[in-house]
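Work out the full structure: start from the sequences and follow the hints.
Protein chains in written order, with our numbering: chain A, 1 to 269; chain B, 1 to 669.
Bear in mind the hints are in silico, worked out from the structure with no lab data behind them.
Treat the hints with caution; some may be incorrect.
[Said to hold, decoys possible] Beta-carbon label-pair distances, calculated as ranges:
id, chain 1, residue 1, chain 2, residue 2, range
1, A, 133, B, 320, 53 to 59 Å
2, A, 83, B, 422, 23 to 29 Å
3, B, 346, A, 131, 43 to 49 Å
4, A, 204, B, 422, 45 to 51 Å
5, B, 525, A, 81, 25 to 31 Å
6, B, 292, A, 74, 20 to 26 Å
7, B, 449, A, 148, 58 to 64 Å
8, A, 264, B, 168, 34 to 40 Å
[Unchecked claim] The following residues of chain B were derived to be distant from chain A, with all beta-carbon distances above 12 Å:
id, residue
9, 59
10, 223
11, 506
[As the list claims (entries may be wrong)] Here are some chain B residues pointing at chain A (derived, C-beta under 10 Å):
id, residue
12, 478
13, 500
14, 508
15, 510
16, 511
17, 512
18, 516
19, 517
20, 526
21, 527
Keep in mind it's a predicted model, so treat the numbers as computed, not measured.
For glycine and all other residues, C-beta sits at the position ideal for the given N, C-alpha and C.
Next come the chains, spelled out residue by residue.
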Amino acid sequence: MAESLSAPSGSVGLVPGEPLLSVDGLSKSFGGVLAVANVTFSMAAGESVGLVGPNGAGKTTLFNCISGQLRPNGGTVVFRGEELGHLATFKRARRGIGRTYQRIEVFTEMTVRQHLLVAERSHRGDGRLWKDLLNLSAPRPEEQARVDEVLDLVGLTELADTSVAALGLGLCRLVELARALVGEPSLLMADEPSSGLDVHETRELAKVLRTLQRERGMAVLLVEHDLGMVGEVVDRTVVMDLGQVIAEGTFDEVMADPRVRHAYLGTSR
Amino acid sequence: MTEFLGYGISGVPYGCTYALFAVGLILTYQATGVFNFAFGAQAYLAAFVFTWLTQVQQFPVWAAFVLSVVVLSPALGLIFNRYLFSQIPNNNNMAKVVTGIALFVGIPALLPVFFGTQNLQNAPSILFNINNVYLHVFNTPINGAQLATMVVTAVVLVAMVILLRFTSLGLQMRGAVESRRLVELDGVNAGRVVAVAWAISSFLAGLAGVLLAPLLNQFQANDYATLMVAAFGAAAWGALRSMPIAAGVGILVGVIDALLLGYLPTGSWLFTYVLPSLPFIVLALALLIVPGLRQLGVGTDPLSSVDPPPPPPIRAIRVPIMDRLIRISWYTVLAVFIISMLTWMPRTWENVLNSGLCFATVFLSITLITGMGGQLSLAQGTLAGIGGFTAAQLANHLAINMLAGALLGAFLAAVVAVVLAVLSLRLKGLGLALMTLAAALFFDNSVFNQTSITNGTQGLPLKQSWVAPLDFFNPNGHAMFVLAMVVLTLSVLLVNLVKKGSIGQFLTAMRGSETAAAGIGINLTWQRILVFALSGAVAGIGGVIFTIQQQSGNSNQWAYELSLAFVVIVVTTGVRTPEGAIQGGMGFVITQHLIEVYLPTRLSSLTFVLFAFGALTYAKHPEGILEYQKAKSTMRFQKLLFERDRPGAPPAPEAALAGAPGGPGVDGG
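This is how it looks when you write it as structure tokens:
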């Protein structure tokens with residue numbers, strides 16, 4: 001995976017350290033199950049935050065509420081100073097929220113390159129019928145260049161023209177990541193990106209995420225069960241259990257917190 | 001009050017048949033995940049055989065019942081399961097719906113092939129004597145057939161609720177519908193569970209069929225189809241889960257129908273529009289209101305990722321030189337076709353092929369909505385009809401030339417399609433298909449049968465002045481061919497431009513994953529509305545051209561069954577490419593013409609049987625059976641022409657056609 005990068009455009013107008021995302025009192029229930037209960041946390045531009053917790057803690061539900069795939073029952077999500085309210089998912093994406101998914105979500109009839117091209121165009125809200133009808137929709141050189149750059153970044157250049165249907169789980173996760181990156185988001189939400197990757201690939205992925213954050217000022221919100229990777233990538237860690245935030249601080253601080261140990265390991269009798 | 005209750009009671013037996021159908025539908029859906037569109041056709045088949053055995057072969061009622069309901073119906077269910085539905089991956093809901101529709105179209109069309117075109121009537125009642133009145137309820141006499149229907153419905157409802165809720169078989173059925181693979185991992189013989197469910201539900205279809213037959217004086221396949229839609233509505237109100245709610249709504253629909261029939265003044269707009277549309281209104285309202293239907297038919301199998309990916313389109317597996325060869329062949333065929341049509345083609349055949357070009361244009365709308373948009377619309381024939389009648393009426397009343405009216409017709413068809421899309425925004429998969437079916441039936445029963453619009457059954461004859469100055473009606477000229485060809489070419493161009501442009505890419509992304517498509521900034525709502533509008537406009541234009549070609553607008557040309565048949569035809573020939581639509585249009589009219597000219601009358605429905613059987617292969621070959629055969633031949637040809645080991649040589653045919661080995665979700669390790 002290459003590490004040379006151009007200046008990002010998704011973070012234009014953002015100063016590192018300035019408030020980027022603010023989640024306040026967010027709740028989401030499914031029937032009688034309170035999956036996310038009154039969660040409050042915030043992120044600054046260019047910050048890297050780990051969101052960890054045991055299975056069923058509500059991490060992915062929280063992701064879905066932030067990206068607009070689920071409507072919360074209460075609370076607010078403010079992104080770049082704007083209350084997102086009932087804003088549709090696609091509008092949030094165009095405002096700079098990119099994400100990957102816990103369960104693979106790829107476009108099975110497309111090649112890797114087509115994934116990135118379609119994401120590049122849709123993120124800008126481009127793609128008009130009249131352009132299609134006038135045959136003006138072929139990818140432009142700058143779009144191709146942007147796609148090539150991201151392919152190089154995540155190490156998928158050699159597989160660019162391969163159908164994703166032929167790729168294994170780990171590579172599909174990289175395609176998802178590249179697809180999110182090509183939109184140059186100011187916040188990247190990665191949901192268990194190392195699932196399905198081997199140790200070497202996980203290390204490389206961690207390096208990419210770190211590079212994105214440090215060199216490009218892209219904020220990263222990382223849900224991950226590989227705590228080693230979390231420790232390597234994030235500045236700060238938020239721990240959830242049973243829908244609530246139970247600890248927040250540096251990775252070492254939260255790992256030493258007895259509530260976190262209890263959440264992961266339970267209590268000895 | 002007694003009169004009111006009396007009218008209401010008279011609707012209960014019909015309501016009971018709706019209820020019985022609804023219960024059977026829910027059982028199949030709960031146990032197998034298949035929304036059985038063929039349920040009505042199965043019921044009709046059983047009723048037909050039962051009546052034929054009793055009336056023509058003079059079998060005793062009990063023997064005919066055993067043969068048609070106890071033996072034939074479950075056997076058919078087992079055959080459908082073994083050879084069709086069990087071959088479909090759990091998550092491929094489109095294939096399940098298309099297979100059901102193929103059976104819906106194919107079964108009634110097959111009966112005349114075996115039994116001839118005889119009209120059966122006076123079916124006997126299975127339990128009580130139809131000629132005896134057994135009781136009076138609010139002065140309403142209840143005869144044997146009506147009593148039998150009510151008693152059997154009550155017994156079946158109780159039995160089915162007990163089966164699903166309180167038996168281990170019922171529990172296994174509910175597990176199997178979620179994921180057949182998962183329950184097998186728990187040691188359940190899922191294949192057997194699903195087979196039993198098919199046998200029981202098909203038995204119910206047969207039972208409902210023979211119960212309904214005596215209530216209808218002269219029963220026809222269409223009666224069962226309309227009744228099916230009422231049952232769809234009842235089952236939908238039960239969210240395809242609750243049998244008691246579905247049965248209650250079914251009976252209520254029967255009662256309301258009877259009350260409206262009793263009280264509405266004949267000729268009033270309510271009598272004319274609302275009464276015949278009641279089942280479709282019930283269905284549409286359920287789809288709009290019941291929250292459990294929004295994700296209907298959207299796959300939830302946690303192990304779905306072990307299914308192989310769909311095969312790639314031929315273009316993706318062809319080497320460039322093959323692409324060029326095929327393009328040259330296409331142009332050659334096209335040139336030969338045009339020259340032939342303009343020179344030596346007999347007038348009869350030119351007329352047949354002209355109608356094929358018109359159908360191909362209508363079928364292109366299915367390529368757009370289903371092949372590219374991934375949405376199953378069962379109202380494309382209706383949209384074509386809207387285009388055709390609009391242009392004809394504009395010419396009739398406002399003296400607008402039909403060619404100019406074609407644009408307005410296409411616009412109106414697009415508007416109706418957009419309204420449908422907006423109404424269905426929250427629906428996916430099966431829910432959307434049902435909503436479009438309800439719309440098609442609504443137009444069929446309430447709009448297309450209005451004399452002021454379609455001039456009744458005799459149709460609206462076109463005048464030469466409506467299409468002047470060109471002489472499209474001259475049998476010795478070629479203006480009609482030129483018009484149909486130009487319209488088809490422009491439509492193909494439009495489809496191809498959209499397909500390779502941004503919109504096509506967005507739609508491809510949406511077919512892969514709507515969640516991820518929204519996550520990268522694609523406005524799913526807008527794309528869906530856009531593809532509906534485009535598809536409506538193309539169908540509308542096709543409808544106008546076909547109306548001009550036929551020199552009359554007739555509601556029979558756009559009956560809802562044809563909308564279903566159109567889907568079956570295009571799916572058979574290939575729904576993902578314009579070539580599929582063209583082959584579908586031409587293949588349909590050529591087959592129909594050959595059968596009409598060379599085979600006996602009773603085989604006239606064979607065209608639908610052939611295409612229905614073709615569509616049954618959809619489960620295995622979602623690209624269309626013709627498309628699959630083309631791909632196979634192409635690969636064989638490539639193998640002959642090129643060395644396999646040469647760099648860049650095409651893959652072996654079998655490997656290429658089977659799709660890639662791994663696939664997302666399959667751990668490559």
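Residue 422 of chain B and residue 83 of chain A - C-beta distance against the hinted 23 to 29 Å: holds, 27 Å
Hint validity - residue 478 of chain B Cβ closer than 10 Å to any chain A Cβ: Not OK, violated: residue 478 of chain B not within 10 Å of chain A, min 29 Å.
Chain A versus residue 223 of chain B - minimum CB to CB distance exceeding 12 Å, so not interface: The claim stands: residue 223 of chain B keeps its Cβ more than 12 Å from every Cβ of chain A (closest is about 42 Å).
Residue 133 of chain A paired with residue 320 of chain B, Cβ distance criterion 53 to 59 Å: Roughly 27 Å apart at Cβ, these two residues miss the hinted range, so it is violated.
Satisfaction of the residue 517 of chain B interface hint, Cβ to chain A closer than 10 Å: This hint holds: residue 517 of chain B lies near chain A, its Cβ roughly 8 Å from the closest one there, short of 10 Å.
C-beta pair residue 449 of chain B, residue 148 of chain A: status relative to the range 58 to 64 Å that was hinted: holds, 60 Å
Chain A contact restraint for residue 510 of chain B - C-beta distance below 10 Å: holds, 8 Å
Claimed clearance of chain A by residue 506 of chain B, with the beta carbon kept past 12 Å: violated, 6 Å
Residue 74 of chain A and residue 292 of chain B - C-beta distance against the hinted 20 to 26 Å: holds, 24 Å
Residue 516 of chain B as chain A interface residue, shortest Cβ-Cβ below 10 Å: Holds, because the Cβ-Cβ distance from residue 516 of chain B to chain A comes to roughly 4 Å (cut-off 10 Å).
Proposed interface contact between residue 511 of chain B and chain A, which counts if any beta carbon pair is under 10 Å: Because about 7 Å separates residue 511 of chain B from the closest Cβ in chain A, which is inside the 10 Å limit, the hint holds.
Beta-carbon spacing of residue 346 of chain B to residue 131 of chain A - inside the hinted bounds 43 to 49 Å or not: holds, 45 Å
Hints 1, 11, 12 from the list above are not met by this structure, while the remaining hints are.
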